[in-house]
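Undergrad: Line by line, the protein sequences give chains E and D. The letter at position 97 of the first sequence is residue 97 when you use my numbering, and the numbering goes up by one with no holes. The letter at position 608 of the second sequence is residue 1608 when you use my numbering, and the numbering goes up by one with no holes.
The hints are simulated quantities; they were obtained by calculation from the structure and are not laboratory data. There could be a bad hint or two in this list.
[Said to hold, decoys possible] Here are the simulated distance ranges between beta carbons:
no., chain 1, residue 1, chain 2, residue 2, range
1, D, 1387, E, 25, 40 to 46 angstroms
2, D, 1387, E, 110, 25 to 31 angstroms
3, E, 117, D, 1014, 34 to 40 angstroms
[Said to hold, decoys possible] Anything over 10 angstroms on all C-beta distances counts as not near chain D; from chain E, calculated:
no., residue
4, 27
5, 41
6, 46
7, 48
8, 49
9, 55
10, 62
11, 64
12, 66
13, 98
All figures in this text were calculated on a predicted structure; none of them were measured in a lab. Backbone N, C-alpha and C define an ideal beta-carbon position, used for all residues, glycine too.
Here's the letter readout for the chains.
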Amino acid sequence: MIPVHLHFEEIEKKLRMAKSTSSDAQMLIRSLRTAYAATPTNLKIIDLYVVYAIVTAVIQVVYMGVVGSFPFNSFLSGVLSCVGTAVLAVCLRIQVNKENKEFKDLPPERAYADFILCNLVLHLVIMNFLG
Amino acid sequence: MAATAETKGPSTLRNAFGGVLGVFILLLIGVLAFSIRLFSVIKYESVIHEFDPYFNYRVTQYLTKNGIYDFWNWFDDRTWYPLGRVIGGTVYPGLTLTAGSMWWLLNSLNIPLSVETVCVFTAPIFSANAAWATFLLTKEVKGTGAGLTAAVLLAMVPSYISRSVAGSYDNEAVAIFALVFTFYLYIKTLNTGSLFYATLNALSYFYMVCSWGGYTFIINLIPMHVLLCILTGRYSSRLYIAYAPLVVLGTLLASLVPVVGFNAVMTSEHFASFLVFIIIHVVAFIYYIKGILSPKMFKVAMTLVVTIGLAVSCAVIAIFIALVASSPTKGWSGRSLSLLDPTYASKYIPIIASVSEHQPPTWPSYFMDINVLAFLVPAGIIACFLPLSDASSFVVLYLVTSVYFSGVMVRLMLVLAPAACIMSGIALSEAFDVFTRSIKLQLPNILDNPPDAGDMNSVSSIAQNDASKIDSHATTKSETVSKERPSRKNRKKEKEKEKENVEKVPSHSENKKRLLVLPLEASAVAILLLIVLGGFYVVHCVWAAAEAYSAPSIVLTSYAHDGLHVFDDFREAYAWLRHNTDVDDKVASWWDYGYQTTAMANRTVIVDNNTWNNTHIATVGTAMSSPEKAAWEIFNSLDVKYVLVVFGGLVGYPSDDINKFLWMVRIGGGVFPHIREPDYLRDGQYRIDAQATPTMLNCLMYKLSYYRFVETDGKAFDRVRRTEIGKKYFKLTHFEEVFTTHHWMVRIYKLKPPKNRIRGKLKKPKSSSKSSSSNHKRAGNTQKNPWQ
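Using the sequences plus the hints, can you model the full thing?
TA: Shown next, in the form of structure tokens:
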């Protein structure tokens, strides 16, 4: 009798842990959502742009998996242009974010100008490499 | 306010004067770097040196004559006959494009310099640029004083002079400037966090990829440094801005260069950068989540994520490793493997092992090449740790890796040179700081009131007070230099604020560390000794530049009892070839002389210094090691008309073909197994005297080198091997001698055409026996010997 009872308690403990981890996960997601909702709108726009770029890159990789990798330079330039704009947008977000103490006296116009210049260089290279 | 304005006046004047003096010193450093490399032009003439520069010169000539589109699409059919070489796709274009554009710019300004002059002086100009780039890099790490010291050390360091002398028109001349400039821009981006400098960094990396195969050093060192920063807890958003755009833009730009092409994403040399790219994104994401969540939720997130993430990443890494391990070289190229495993080349790729620049250096060569810097470097490493910043950790990492690689190959001492100069510059500048500060603090006390027992305490206390004041000033300076980098206006404001604080509370609050103040006499003597050390360094550098590294190696000189002898045999031979053979004649020689033959003699060659096709080189090596008839067959199948050998036995020139013969046997034997090295060895040595093996005495190289040598002094004494040769009187059956230069250094032979008919009865039995024996040989050796 006693081993079965203990066994039942162990199962209960495991169920409770599982429930707690799932409830922890739900709490985590909820807190993430509330914390993210507090970010200012311009940063959210930049985040949306980053997500768009990455989704485009994933679509391109899937397409290459379906169709084959010839011509490889076009594939490389397409994927790297998406990844490149995503990275540059993240850099812009870092520099424009008001909570970032390291960049508190960098005027946002300078950040945007740098972003545009770097994007120009990136797309010039992409156009050259696209074939 | 008036008081502060007054104190500000002389200090701004001093700053301005310091700035002007700094610019003037930099100009002088540039002039020094340029002029110390002109010894070869003064002692010999303005000529291109060695072997590789001749190829670069020929390519630049083609570029200036035909324009850039023909250059990109150039297929060279005058080398590696009958294979040819795709120049556009196999050459690093940076050097030739740089020199070509300088020539074009000068010509459009109506300064009619020839292409050769521009090529000869490209290296000194870019060494001045490299010295200025070193100044900028060291200024970012430690400050202007260290920068100037490092720049003047780099302008003169013999290791860099050896590869950038006027006339040494090789890739490293431009590549070292690109290397240091890329590192400077990386450190600048790391210090400022500006995307503008990140873009410039990527463009400078592109220039480096164009210039030299050593760019893989950059693309592995920077990820290593990023990883180091992450692991030591120095991650910041500036690190992300410095690294992530560089990887994306850098990979794209590297793929643009035809030589690299898709290797930029497919070879193992670049995988480290991608791996660290992924790691830095993970770390950045973790920091971002940590920023927006509360600590408790963050812990929950970590436990959840770590379990899932570990599983996924282990799976991905396992797949990736399986992919990479399936290739026999694990994705690395032969050269990189020989760098990582120094014994690799001698086991698998004898051509890489045979190049003299690829041998490990001896201990004395360190002292010869970086001289005094060799023991200033450890002091610099210690100075970099007080205080440790991102920039100084980078320089330490650069030094350590370059020391390892310089121990593998002599040629890579060149990469060690800038790191050693930076470290020594930092060490010297810090040392001068301490000594001059000691003198400055103690000198007025010595001058005003002579020290006696009672005043000693007050003197020392005043010295300590002043020391702590300067200490606070120095700590504010180092704070603004090393930690954060706000805009310049803000930095000045902060400095003024700190100064006011200092004036209010003299030595109390800011006294972080006790500064070193040495006794006056000791510091004066130490400064004197440091200046003497610098003097020794300068004397050694000038001597090395003048005597050791200025030889063009295409013209040799020697001082005999009756004056100066000039050996211009190489150019004599190439000029003879140019004027006395047909344009389409093919010349066979060992691969060392290929570039010079195509550039100066303008004839098609079989193999040259590019050494990209081992089998072709092995064919030539087999021909040189075979008996005359077999060699004639091989050369005839390659349409060769002339054979060129270099022979130093008459004058004692040690780098001749007989000394290189062991490589011909080894490389030939590596591909054609009927060439066996023990056939040529007697007691494990290559000999050409009476004790030599019959295979050696019958091989083509022996015969072509020593044909009619006995006519020179009657005894056929070889001055390099220091013996009399074994076979003195012999005739050549399949070759005829057409030209031998003045000092017998270059000998040119022509292949005799096959006989039209075999004359007379007497010849018939010999020919029948010869044909029967050759038939017999053919039957026996069909498997082994493809040439009979």
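Undergrad: For every hint, state whether the structure bears it out.
TA: Hints and how they fare:
For the pair residue 1387 of chain D and residue 25 of chain E, the supplied restraint of 40 to 46 angstroms holds, since their beta-carbon distance comes to about 43 angstroms. Our hint of 25 to 31 angstroms for residue 1387 of chain D and residue 110 of chain E holds, since their Cβ atoms are close to 29 angstroms apart. Between residue 117 of chain E and residue 1014 of chain D the beta carbons are some 37 angstroms apart, a value that agrees with the proposed interval 34 to 40 angstroms. Non-interface call for residue 27 of chain E relative to chain D: violated, since the shortest CB-CB distance, roughly 7 angstroms, does not exceed 10 angstroms.
Its beta-carbon lying about 16 angstroms from the closest one in chain D, residue 41 of chain E satisfies the requirement of being farther than 10 angstroms from that chain. Separation of residue 46 of chain E from chain D is adequate, the least Cβ-Cβ distance of about 13 angstroms exceeding the 10 angstroms criterion. Consistency note on residue 48 of chain E: stated as away from chain D, and its beta-carbon is indeed over 10 angstroms from all of that chain's, at 16 angstroms minimum. Interface exclusion of residue 49 of chain E from chain D stands, the closest Cβ pair being 16 angstroms apart, more than 10 angstroms.
With a closest Cβ-Cβ approach of about 16 angstroms to chain D, residue 55 of chain E is found to remain outside the 10 angstroms limit, as its non-interface label requires. No beta-carbon of chain D is positioned within 10 angstroms of the beta-carbon of residue 62 of chain E; the least distance is around 17 angstroms. Look at residue 64 of chain E: its CB is around 13 angstroms from the nearest CB on chain D, clear of 10 angstroms, so calling it non-interface holds up. In this structure residue 66 of chain E is separated from chain D by more than 10 angstroms, as the shortest Cβ-Cβ distance comes to about 20 angstroms.
A cut-off of 10 angstroms between C-beta atoms confirms that residue 98 of chain E is not in contact with chain D; the least separation is 13 angstroms.
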